[in-house]
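*Asks:* In the order they appear, the protein sequences are chains A and B.
Heads up, the first sequence is in the working numbering, so the first residue is 17 and it goes up one at a time.
Heads up, the second sequence is in the working numbering, so the first residue is 622 and it goes up one at a time.
Using 16 angstroms as the maximum straight-line C-alpha spacing, the simulated EDC-like pairs for lysine to aspartate or glutamate come out as follows:
1) A/Lys410 to B/Glu840
2) B/Lys706 to A/Asp109
3) B/Lys832 to A/Glu179
4) B/Lys1018 to A/Asp85
5) B/Lys858 to B/Asp809
6) A/Lys342 to A/Glu287
Don't read these hints as lab results, they were simulated from the structure.
Values in this document were obtained by computation on a predicted structure and should not be read as measured data.
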Amino acid sequence: MKVKTFFKALVFVIVLVDCMAFGFFWRDIGNHQGPSTAALERLLGSKVLSANLPSDELFNRNYQRILSDYVKPVKPLDLKYAGIAGMVASLGDPHTMFMPPQEAEEFNDETKANFGGVGARLTQDALGAGVFSSFEDGPAYAAGLRKGNVITAVNGANIAGKELDAVVDMIKGKPGTVVHLTVVQAGKEKPVMISIKRALITAPTVDGNVIPGTNIGYMSILQFSEPTTGQFDKEISALEAKNIKGLVIDLRGNPGGLLETATDMLSRFVEDKVVVTMKFRDGKVETDRTNSGELHEFNYPIAILIDQDSASAAEIFSGCLHDYGKVTLVGTHSYGKASVQNVFPLVDRASAKITIARYFLPGGEYIGREVDEDGVMTKGGLEPDVKVELNTDKQVTFGDPVSDNQLAKAVDLLKSKI
Amino acid sequence: MNDVQKSWLTASGIAVCVLGVYGGSQLRDSVDMRGAILADRSSPVVSTWVASRDTKVEIPAVDYYNQMVGLLKQYYVQPISNDQKLAVGAVRGMVASLGDSQSLFMDPTEFHAFMNRQKGIYEGIGVDLYLAPFDKKPATKGLVPPPEDAEEAVATIKVPRVVVGGVVPGSPADKAGIAVGDFISDIDGHWVIDQELIDKFRHMQGLFNQKKMTYAQIEPFQREIRSKTERALLPIKAMDRLLLGNSGSVQLQWVHGGQSKSATVDKVETQMPGFTDASGVVRLPISQTSVDSLSSALAGKRSVTIDLRNSPEGDYEAVPALLAELAPAGTYGSVEADRNDFPESFSTTKGNQHPPELTLLVDKSTRGPAEILAISLSSHGKATLRGSLTGGDLALKQYVALPDGSGYTLVTGKYRSYPPTPKQGAKQAKSGANPDPKYAFAAAAVHGDRIR
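Work the whole structure out from these sequences, hints included.
*Replies:* Given below as structure tokens:
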């Protein structure tokens, strides 16, 4: 009888321990991992379980060694962040990265669509900064700043010889505050002072015109941000009002942006069709489809220009339209970014950007970039239907078919289809 | 056992299982929660963790590391099976963040070849290479990881040069005429990034932006730079191509005394001459195994010449033992480290009370441990130097091996020929207020030929 009770108790204990172990390791199983020995070691406070040095111990020993032995003093916080960044980088995915606090904040600012400014795009100029364009609905335009003007001073400080980025930083600022620009305008003898009240600027991302001497429209899309869909629709109407018979959409250098925007814009071309299929690590598959009832009739041929800097949403947009037979791709192969990232904010204001899914185009192709040891791309990206390298022997002005041979090729192609 | 009892037993069994699973997962929560880093508490990783985002939050490095590993394991698109690889990646990141061209991380193949070179066995074309910083600013600062691709490197940092520190006699490199002090400019049509050229181009771009140069003027140069950057090699990659492998050949361009040279150079295993004692000249590799041989080579001699040329690498830990064979016990300088206020003394406890009169043969291929040995002897009047200026590498290094076969070098201090003095004193010496033995040595080395 006693033996029986003992066995009963033994079975009870074994079942309980097994169940607890199952509960303990459920997280790993749910994550498609083997049981975490590190967690067990942390629980037991010992390192006896694995013959090899546990990963965190390996990290820690070298962390301590560098802190104590390196010839120069090293800030522990910097070393910790460098280690974490290196660990994340070891996955070999250029889009999965650790951002220490300062970098994380800069990244945050960048991804915000809006910023406080005057509403102008600037270029380098010998005297200071040239005005490349002045947004028609921006405060700078309202105050009289025009394309071709040259800004020579900001708030009285001379800016000749300054880096363009530094000048832009001086001009940007909190909405509602005022910046004083000294501006040289053609036809005026003396520089004028223009005071501009900064506002929240939504930078135009779409620009278009009819190519001189043709009936072909040209539209460049700089990125896929929130207001891009509206700007795209507006520009299409404007070009169609001028009776275009063909359209070149320029996505060269477009780094992508919001998938949602690309999907909305694709809904003008195809209805209720797959945009991308996303595959997550747990095997979950999500598809993104175009909306219904938003079709627009494009009764003219369209060519899209792509290059090695067209990435992400730009590749989805052009790849989808290509797969659905709506456009001809002209240029060079695209970047090849076929993954979705999530940014995880951390308690110390740092953040981790982690690739959480891969996406596949409607034709099922995976365009993820692969590079050789020199960083030269070996695989991935979209292959254009008509391959043309940009000829940079002369200075290229994008959008001008005389100096921009990729555009010239696209225009010729469309002419042959009209 | 009746049915009621049976169902009670089943029910309690199930309850125990459920409680067990729940208890286990709670336990795991508490384990994973120690030092949780995720700010968003809705995440399942830290379901019960409440945190405000604050830069002052300082989570211990190991906890931070474990948390990040957990985060990656939960969300990264691919399963992560190799934890060791993550840790090694972290070490690589930490070493790279030092921005020091002498503290270098090496992958398993690189580290294996590196450790072999310490023993005199060379792969590749038969040279020893080192990175000479282009200027005195650190190559990278703080947290910036080393650039992954050449284009980024060109845009952001000062790229060090790949310089020849030693040539194995009779090796393919030697036969091709590659000499110590030359630097590598092109390997198999890949440009080895040259900061001087980049700076020159940036200067021209500046002039163009200021409209002091026309596009036609800078255009050919721009095209050259662009075509070079398309197939460029970062210094470490360039070193790999010359230091790894025992078959095939490389098409090499290098600069010798301002002149560009080129040749096809084979890769074969070669060996630096080991310890030899021929007609009164001792060739002394800096290794533990040299110690006994040296002892017998010195026995009964009144004067000995020791050849320390072509000693670009070696074992730092062997230096004190060799010193003990060559000179009486004593202090032979100090080891300075910026992290310490007081340099450590560089001294021997054992020694040779009656060493023979020593003449050391040195030149710019006398680097690292061999150079430290030469200076510690000559600056304390225990040996005469003959030859030319030494390589100028007085850093002391640790070689750290990691479990996956990779490893790194870590600079731990700088050898100084003067005895330990508090930092303040050392600073005065540097500014020239006190003449100091280090400079006396430097002069002697420069005019090495004259002090025979």
